[in-house]
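As a plain string of letters, each chain reads:
2 protein chains.
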Amino acid sequence: MNRRDLDFILYEVENVEALCQTERYQHCDRATFDAALDTAHQLAHSHFHQYNAKGDRHPPQYCQETDTLTLLPEHVAAHRAYSDAGFLTTSMDAEVGGSQMPVAVSGAVGLHFSSANAGFSAHFALNVGAAKILQHHGTDEQRAHVLPKLLSGEWCGTMCLSETHAGSSLTDIRTTAHPQPDGTYKIRGNKMWITAAENNFGGTIAHMGISLFLVPKHALSFSEEGVSLGDRPASSSAWAGATGGATGHLVGEPNQGLHCMFIMMNELRFQVGLGGVGPALAGYLYSLQYARQRTQGRSPLCRDPSTPMVPIIEHSDVKRMLLLQKAYVEGALGLCMYTAGVIDALATTADAAARSDKLLLLELLTPVVKAWPSEWCLEANKWAMQVLGGYGYTQDFPLEQLYRDARPNMIYEGTSGALDLLGRKASMGGGAALKLLGAAVAEDVAAARAAGGAPLAEAADSLEAAMQRLQETTATLLGAAAGGEVEVGLSNSHAYLTMTGHTAVAWQWLRQGTAARRGLLRLEAEGGDASADDEAFYRGKLHTMQWFTRQELSKTEGMAQLLCSLDDTNVSMRGNWF
Amino acid sequence: MNRRDLDFILYEVENVEALCQTERYQHCDRATFDAALDTAHQLAHSHFHQYNAKGDRHPPQYCQETDTLTLLPEHVAAHRAYSDAGFLTTSMDAEVGGSQMPVAVSGAVGLHFSSANAGFSAHFALNVGAAKILQHHGTDEQRAHVLPKLLSGEWCGTMCLSETHAGSSLTDIRTTAHPQPDGTYKIRGNKMWITAAENNFGGTIAHMGISLFLVPKHALSFSEEGVSLGDRPASSSAWAGATGGATGHLVGEPNQGLHCMFIMMNELRFQVGLGGVGPALAGYLYSLQYARQRTQGRSPLCRDPSTPMVPIIEHSDVKRMLLLQKAYVEGALGLCMYTAGVIDALATTADAAARSDKLLLLELLTPVVKAWPSEWCLEANKWAMQVLGGYGYTQDFPLEQLYRDARPNMIYEGTSGALDLLGRKASMGGGAALKLLGAAVAEDVAAARAAGGAPLAEAADSLEAAMQRLQETTATLLGAAAGGEVEVGLSNSHAYLTMTGHTAVAWQWLRQGTAARRGLLRLEAEGGDASADDEAFYRGKLHTMQWFTRQELSKTEGMAQLLCSLDDTNVSMRGNWF
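Those protein sequence lines, which keep their order, are chains A and B. Quick note, in my numbering, the first sequence goes up one by one and the last residue is 578. Quick note, in my numbering, the second sequence goes up one by one and the last residue is 578.
Just to be clear, a hint being listed does not mean it is correct.
Chain copies aren't distinguished; within one or between two, either way the pair holds.
With a Cα cut of at most 20 angstroms, we get these calculated EDC-like pairs of lysine to aspartate or glutamate [to be verified]:
id, residue 1, residue 2
1, LYS555, GLU458
2, LYS435, GLU472
3, LYS555, GLU379
4, LYS186, ASP38
5, LYS54, GLU557
Hint data in this document are derived by calculation from the structure and do not stem from the laboratory.
All chains should be modelled from the sequences, with the hints used to inform the complete structure.
Below you can see the structure in the form of C-alpha cells.
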C-alpha cells in the first residue's frame, strides 16, 4: 500500500475532510479516517496478505457427503477479524448500526484488502450490498433479524442471478417461486457463478435473487464448480434448490426484485472497479521495488563490462513499464475516488435539482468505473509481470497470482461489451449526462490553468480538446443510432467505453496534477529542505500526468475518427465466414 | 487446427509448391507436404492434445535424492512418438539424415503441436537448434556421435545462457571453462531458465553455452525452480555444475560461441513467434465453436422473451471478439509463413546479391516475427477467454490454460523491450533493410490493385500510406538518434516495434486478401454450386483484411505522430519520482 498516494488522493485531490462539515459526517474528522486506514493496513497485512499465496495453493475444498465447502482456517480467522474490526459497517448508516463514513474512505479501506488478497476479500462487498437492500426494502422483521447478522459477519450475503443456460440474460431465468400459506415462497431452480455461495464461517448465508427473495442456505444443496483461474478463495460455486424447494422470504414487492437488485449491482460495479485497482497497485509496488533492487546491464552510454551493473529501473524500457503502471493504477484509483465523492455528495445534498444532476453523472460514471479499471489495471498487471522477466510468471513471486486474481474483473457484474454505455448512459436525459461531465471537466480545466505551469497548461489543452471530441463523437453515434444504425452503435460500444474511460482518467490526472502543482508551490513557499520526498512525489505526479496525456489520451483522436467513420465491418461479418 | 486455412496460406498465398522446382526441394511434392501435415494432425491429437490439461495439473516432479525430474509417462510416450515420426528432422538437411523440407512446411507441422500442447511441445525446437549448431560448427566426431542422437530424440538439446544474477546481460555471466590436458574443459557455474534442462526421456541432454560448449547432463546436478504460470511440462529448471566442474566439449572456436549461438537464437525467435500462434489459434477455434453452440439473449431488434434465444455469435460484441482473434491469429500466422518463405528462398538461392538482400530482410523480420505474435496472440487468448464469459477462466474449459501457456512467449528469447529493432535492425545497411521491406510491400500492393475490387483497393491504399509513414518515422527517429537523442530512440523501441508489426501484419492481410479475391474469381469462373464453403472462406478473408486495415492499421497514424514527437517523458522520469 502506498499510503502517501492514498492520502494525496483523499485529502489533497478529493478534499474528503470537507465532508466532515456536513450533518451526515459531522461525527467524523481526519483522525477518524486515518485511524480506519491504519487499522485496515495492519489487518490487511497480518490476516490477508500473509495468506494470499496459501489461499491460492489451497482452494476451498468441497465435500460431497456433507455438501459443504471448507476454506482455510486462516481465511475463517480473517473473516472474523475483518468483521470484528467493524469494516462491514464502514459505509453503512448509523441508524442500522453503521460507522457512516464517506464512501471514499470505506473505498480506501477496501483497497487495502483487495491489494493484499484480491481473491479472498472479494466477498465482503456482497454482505454490504445485501444489507443495503434489506435496509431499504426489507420488512421490519428482516431489518431487525437479518440485517445485524449481515453487518456483524455472522451471516454472509450473495447475489443469485445467473443460471447455467442463461448467463446474464435475465429475461430467460427459470427459477420459480410459489407462494405458501404461511407467507413464504417455495423456490425451485439452479443458480451459478455465486461468489461466496458456501463457506465454513459458521453462520448461514442470505441468498438474494429476483423477484427478490431472501433464502437461508440451509434449505439448499450445493454442487461443486470448477476452480477458477483466479479468485480461488472466494468460493464461487453453483447451487441448487432442494428437490422439495427452498423456503424464500420475499424482499420488497413481487416482480420489483431487479430494481432492488440494481442497488446492489451498481454498488458492486463500483466495488469491482475499485477491486481491480487493488491487485494492480500491489503489482506496481512490487515490480517497482524489484526494479530498484535488481541490477542488470548498464546504461546505453556506458557499455564497459568492468563497471558495476545498474538497477534495472534505470533502463528506459523498464521505466516505461513502471510509468504505464503508475499512470493506469493511480489514474484508475483517482477515478474511483472521484466517483465515491459523487456518491458522498449525493448523500449530503438535499437540493432536488443538485441530487438529480449527481444521480445522472453517477449513472454515466458507473459503467466507466467498472470497465476501465477492470481492463487497464489488468494490463498494468501484465506489465508488472514483465518487469520481473522470467521470474514474473513463476509461483515463487506474487505477480502471476495477481494477474490471475485480477482477470475475472473483466467478467464480474457485466462484461465491458455488455455495459452498453452508449445506448443506455451517454444518451440519458437527451445527452444531459455527458453535458454534466463536460461541465465538471471544464471546471477542472480552468482550475488547472489557474494553478499555472507549462505541464498543466498542455494537459488542460489536450483534455479540453479530447472532451470536445468525445461530445462530437457521441453526437455522431447517437445520430446514426437514431437513423436506424442500431447495430453499428452497439458494435462500437466497447471502443466508445474505452474512449470515455481514457478521457475520464486523463481528467483525473489533470486533477492530480493540479493538486501536485499546488503542493509544489506550497513547498516552495515553506522553503524547507526536509521536503525532498514530497517534492519528488509531486514531480512524479506531474510527470505521470504528462505521460498519460501524451501517450494515452492522444489515442482518443484515432478512436474518435474510427468511431465516427461508422465502420460496419464487424456488423456485416457473417457467422459462416469465420 | 483449421487445415483449410493452413492450406490456403501455404499453397494459395505463399505458393510453397513452387519450391519443389528447386534442386534443394526436388524430392518433395504437395503429396509429401500433405502427408507430413496429416501425420502431424493425428499425432498432435492422439499424443499431445489429449494430455494437455493433464500435463498442466501434473507438472514435472523433482526428486532431490536422485536429482532427477520426472515427466508424465504420457509425455515420455509423446516425445518418443514425435521423434519416431521423424519430426525432429523435418527441416534438417538430407546430408545429416534430415527430411529437408521447406521451413514453411516444418513450421506448419510445428503449429499442430503448439496448438495442441504449447507447454510440452516447446522443447523440440531446442533439439533442432542444437543439431544445426553441431552441423555447422561441430567437430567430425561431434557430428558423427552427437548429431544423430539429437535428431532421433535419444538425446535432448538445451540452450544455457542466463545466470541467476545476470539474466539476459551476457557480458556479465560468470561461468568459467578451464582447458584440460585431454582437450576437454572443466565448466563451473550456475545457469537458469533452461527449458528442458532435465527429463526422464531416457537419454542424455546436450547443453550448449558460450563460448560454445557441449556438456552432457550426467556431469551436472540440478536444483528445482518454481513451477511456472505456464508451460509447466517444458520442465524449465535451474542447473548447477558439480563441485569439481562438469566436462565440456568445445564447439567451434573459443570465444565465438555467441556467434554460433545466434544461429540457434534466431531459429528460436522464429519458433517462439510461431509458437505463440499455436495456443491463440486453439483459443480462437475453441471460442468460435462455443459461440456457435451457446445460446443466450436475442438480437437488439427483437427483445421478445417468448422467442428462442440465439447463438451468441450473433451478438455484435461477440463477433468483435472473434474477428479480433481471427485477424490477429491468421495475420500472425501469415507473417510467420512469409518469414519461413524468406528462409526457404535463402536456402535455394545461389546469387550473392539476392542472398544478401534476403538475409537483410530476415534480420529485420526476425524481431518482428518474435515480438508481434508473442504479444498480440496473447491478446487474442485474452479475448477467447472473454467469449466464454465466466466459463473462460475456469479449469473446466481449456481457455485459461492456453492463456497461461502463451504468456511466457513475451519473455522467451528476448523481451519486446530488449529487441531493439530500431537501433539494431531498421538502420541496418544504412536503412537498406527497410527499403527492401518497402519494395516487397510495393510489389504486393501492385498485385492487390491488379486483382481488383473495392476492399483490396482500399486496403492497398491504406497499406501504401502506412508504409510511407513507417519510413518517415524511421528516418525521424534515426535522425534524432544520430543527433544524440539515443535514449529517446531506445525508450520508444517498443512502440516502434508495434508500429512495424502492425504494418507487417496488414501487409500479410493484403496478401491473403489478394489470394482470396483470386479464389473468388476462380470459383465464379468455375460457376459450380458445390463451392459455398470456399466462397464463405474467401469472403471471410477479405472481410477480416478490411477489419484489420480499418481497426488496427489505422492506429499506426497515431503511433507515428507520437513517435515523431520525440516525447521524452519516459526518459526524463526519475527513479525517486515513482
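Against the structure, the hints come out as follows:
Taking CA atoms no more than 20 angstroms apart as the test, LYS555 paired with GLU458 passes inside one copy only; the shortest distance there is 16 angstroms, against 23 angstroms between copies. In this homomeric assembly, LYS435 and GLU472 come within 20 angstroms of each other (Cα to Cα) only inside a single copy, at 12 angstroms, whereas the closest approach across copies is 40 angstroms. Within a single copy, LYS555 and GLU379 get their C-alpha atoms as close as 16 angstroms, and across copies as close as 19 angstroms, so both meet the 20 angstroms cut-off. Taking identical chains as interchangeable, the C-alpha atoms of LYS186 and ASP38 are never at most 20 angstroms apart, the minima being 46 angstroms within one chain and 57 angstroms between chains.
In the homo-oligomer, the alpha carbons of LYS54 and GLU557 never lie at most 20 angstroms apart, since the shortest distance is 45 angstroms inside one protomer and 47 angstroms across protomers.
When each numbered hint is compared with the structure, violations occur for hints 4 and 5.
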